[in-house]
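Protein sequences appear in the order of chains A and B.
Those letters in the first sequence? Residues 113 to 795, by this note's numbering.
Those letters in the second sequence? Residues 2 to 312, by this note's numbering.
Derived by calculation from the structure, the hints in this document are not laboratory data.
There could be a bad hint or two in this list.
[Claimed, not checked] In silico lysine to any residue, SDA-like type, Cα no more than 20 angstroms apart, as pairs:
1) A/Lys192 - B/Pro37
2) A/Lys592 - A/Gly580
3) A/Lys185 - B/Glu143
4) A/Lys185 - B/Glu35
5) A/Lys192 - B/Thr57
6) B/Lys132 - B/Asn176
7) A/Lys185 - B/Thr57
[Stated by the list, open to error] Beta-carbon label-pair distances, calculated as ranges:
8) B/Arg40 - A/Leu182: 14 to 22 angstroms
9) B/Glu97 - A/Glu243: 15 to 23 angstroms
10) A/Leu182 - B/Asn268: 40 to 48 angstroms
11) B/Tyr267 - A/Ser208: 19 to 27 angstroms
Note that the Cβ used here is the ideal one computed from N, Cα and C, for glycine as well.
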Amino acid sequence: MIPRLSALSFRTKINCGIVLIVGLIAIPLAYLTWRAAAESLQTETRKRGLVLSENLAMRVSDAMLSMDLLRMKNMVDELKKVDDISYAFILDRQGSVLVHTFSGGFPVELTDVNAPDGPKPHIRLLNTGREFIDDFAAPVTIVGTPFGTARIGLSRTKAEAAADRLALMIVFYSAAAMVAALAPSTLFARRVTERINRLKRHAEEVVRGNLDPRAGPDMARACSVMLDCDKTRCPSYGDNRRRCWLTASPDQRGEGPESCRDCPVYREQKGDEIQDLAETFDVMAVSLKTHLDELRRAERVLSRQERLLRTILDATPDLVCLVDENARYLAVNRAFANFLGLTSEAIVGTNDRDVFPEDEGEAMHEENSRVLAAGRPSDREVRLRRGGSPVWFHVVRVPVVDGSGRVIGLLRTARDVTQLKQFQEQLIQSQKMESLGKLAGGVAHEINTPLGVILGYSQLLQEDVPDGSQIQADLQTIEKQAKVCRKIVADLLGFSRQAESAKIEMCFNNSLMEAITLVRHALSLEKVVIATDLDERMPIIYGDPEKLKQVWINLLSNASDALDGRGGTLLVRSRLFAHEQKVTAWFADDGPGISPDNVGRIFDPFFTTKPVGQGTGLGLSVSFGIIKDHGGSIRVETPAPEGFFDALDAPDDDRPGTVFVVDLPLDHEETIGGGLPANATEA
Amino acid sequence: MRRREFLLAGLALPLLAACGRDEDAVRVDLSRREEPVLRQLPRAVTYAYLPQYAHTVSYERHRLLLDYIGRATGIPLRQVFPDTFEEHVRMVERGEIDISFSNPFAYIRMAASGARAFARIIEPSGKPDFKSQIICRRDNKELRTIADCRGKRWMAVDPSSAGGYIYALGEFFDNGIRRSDFAEISFAPGPGGKQEKVVLAVFAGACDIGSVRDGTLEILRGRIDLAQIRVLAESKSYPGWVYCARAGFSPEIVEKIARAMFALRYNRPDDAAILSAAGMRGIIPAVDADYDSVRRLAETLGLDALPGGEE
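The following block holds chain A by itself, in its conformation from the complex (with noise of 0.2 angstroms):
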């Protein structure tokens, strides 16, 4: 089975080449010279038999006419001593043999199949059976007379033997120049071969991902050495390793590496076509591995980037997600998915109509194509169920275009805006009830003439009447009543603020405790007891004594109506916080707390879980206004903040409690309005 010629080694067919070149040259060669030599040898023996044949017919004359045969006989045989020589005889005008070179009698047949042509001598190519013999006939002739003839018979064989020997000759010798040239070209292809492994070996190192290997063999001196270059920020700079015309910026080569035939490192350091090969590899290797540390170094930042990118993504509270031009899901962040209780896999691919309720999902996916058909950015707000609950979400949907500003998909951030929502709806509503708060002052305000009018005159009436009388009874009642709506008045107004503030200095404790002291007994008839832990630094605000006063008696009682009726404990502490320029005040029960619907509410006017007639709703309300008159703040902390109890005797662990702080600035100036907050869990 003979290999493929292509699977054939390097070493192999550069071996079949010489000989294959050698062959080529030496066969046709050989043959060439052959036929040549044959052709001019034949014809130098032409030549050389005519002129021997000429030569004795000369000579013989005078030994003719003279008949010295022994003379004749000398001449033929001198020349039969000639290698290629057959024979030579002489005949006379008559055709006898007068000598001859034969033994053992002369050939009769010979004497007539060649004569001279005229006084020419003529050739003729004889065949003997063993040998072919060039037969020249060449006439004795004196003064133009015929004598006789001189024969000469060259063996052409043996001058055609000395042609094959030549040929035989070259044949052998270009055998052994092919076995010399042998020796040497297995050296080279082994040379060559061994390169071209180590290159075959170097890019399998490349292939596995080892770029660190060399090729190319290493210089003796680098460039910068060899010119004494001092461009030590060029990249062949001190490098002996790569060579330079491959390395260097192009503003050290000049015009690339034609430019470099002169330079005398690119003389000295030039290779072959192999060298160049692995030079090049190795250049390659390197630009490959800075290549592939910059794409790893990209890959890096760029996974940073990606890694930012989602962590902001999916710790925005915001649904993020971007939808491609058929308004299918591309890619959503972690809110979204968590919104809808999908993994974030699962919902790319999909569309609104498949992963939002039926209404909600389309009416999403129609508003999704009006941007993507329009390109407009849009900005809705959107009322969703969740839970049972309304939420509501400000919807943002940006276009996304491509390089031709063609709409490609839009992104679309969506922003949980109920509590903003309540807010604005809070706000709605307190705009309301200033406005009515305005109202009810104004009208309180024209009421309490009348009413006081109304007041004086019942109770001027009641001296009037008898005791004990019915109409005094009834003046009693409308007495009593008068009061209850001059109350009612008095809160509208100061709801309102319109009645007058007088602010002085005061102490803050002995404010609380004289508020205190007015409901301490009322509130014990109810088995509330009022524990107080003031600071004994007795802090000095600037305020109105009465209206705070009343502040206080609003909170203690409306604490002790929150314990409703089954008796409890009031905590009232107080605290100076002197680096913060601020008082607070906290005033605790151990009740049932408040629910968290109401807390929001609690503080707006009109508000109240008191049965109607218990209550106005205006208590806290006030008690908010005259706390924000004097710059501080008032919130409620319910259910009340862990171990708050712990100094008293509390005898029930299971209430909550609720805890109302109010912060009082101790800076004179009333421009502090709002007050700093305080943390009251860390006093």
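With the hints as your guide, set chain B onto chain A.
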């Protein structure tokens, strides 16, 4: 695979084309052998020219003359080619040469064995005899008379040359100058043109005096400045080359041949071609006594048997 086969075929094609020869060979059986036998030559009168030159030159010179004599007399003649003077003389003595054409010195030897002269030639100079000339450079003031030749360097043509040496030697002898009186006697080197070489040697100053047969200077006219050559002395005239018949040869045939020879006239173009080729102007009758002067000279100089040489 098909492509590979074509490739191999392409490589093998020139090798296959090498087989075969581009000319037809004549089949010869060398095994049939016979020992050749020379044919006997037809009987004829043998004629020889003293081997002064190569056989082919001898043949060329006398071929036309022999043809003429054969036609004129009806007697078949065959020129034979002795290799040396000595052989020529011996062949005449042995009767292998019927008619001999030789110089006077060879003749007096052959005459001793019975050969008899019957004709002699008229030299190209137009005279039936010739002489030797002793030459020197015109500017050689030392040579005024033949007596001044003593102690000089002499270049002669050849030891056997009649006109180029022997006749001059006879002249020196008559003037009392012996061979030992010369500082040096040298002979012209190499074959052919020896007479001319002597003239050139004198002209070049390689020797003081030279001896040539008369007529030689004319041959060189135009090639060298003959005004620079002075003829110092001339020898006596002696008869030229001679035809003789061997002893015992038929006098009738000799008569026939002699008549044919004498009939040649240089003024006839056909005869002139024959005579010119043979280097003569004509052939005239001769008798043995014509050569007594030569016999005397030979005796004087002590020359018994000369091997021959240039004229």
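Verification of the hints:
{"no.": "1", "hint": "A/Lys192 - B/Pro37", "in the structure": "holds (19 angstroms)"}
{"no.": "2", "hint": "A/Lys592 - A/Gly580", "in the structure": "holds (16 angstroms)"}
{"no.": "3", "hint": "A/Lys185 - B/Glu143", "in the structure": "violated (56 angstroms)"}
{"no.": "4", "hint": "A/Lys185 - B/Glu35", "in the structure": "holds (17 angstroms)"}
{"no.": "5", "hint": "A/Lys192 - B/Thr57", "in the structure": "violated (25 angstroms)"}
{"no.": "6", "hint": "B/Lys132 - B/Asn176", "in the structure": "holds (16 angstroms)"}
{"no.": "7", "hint": "A/Lys185 - B/Thr57", "in the structure": "holds (19 angstroms)"}
{"no.": "8", "hint": "B/Arg40 - A/Leu182: 14 to 22 angstroms", "in the structure": "holds (19 angstroms)"}
{"no.": "9", "hint": "B/Glu97 - A/Glu243: 15 to 23 angstroms", "in the structure": "violated (45 angstroms)"}
{"no.": "10", "hint": "A/Leu182 - B/Asn268: 40 to 48 angstroms", "in the structure": "holds (46 angstroms)"}
{"no.": "11", "hint": "B/Tyr267 - A/Ser208: 19 to 27 angstroms", "in the structure": "violated (40 angstroms)"}
Checked against the numbered hints listed earlier, the structure breaks hints 3, 5, 9, 11; every other hint is satisfied.
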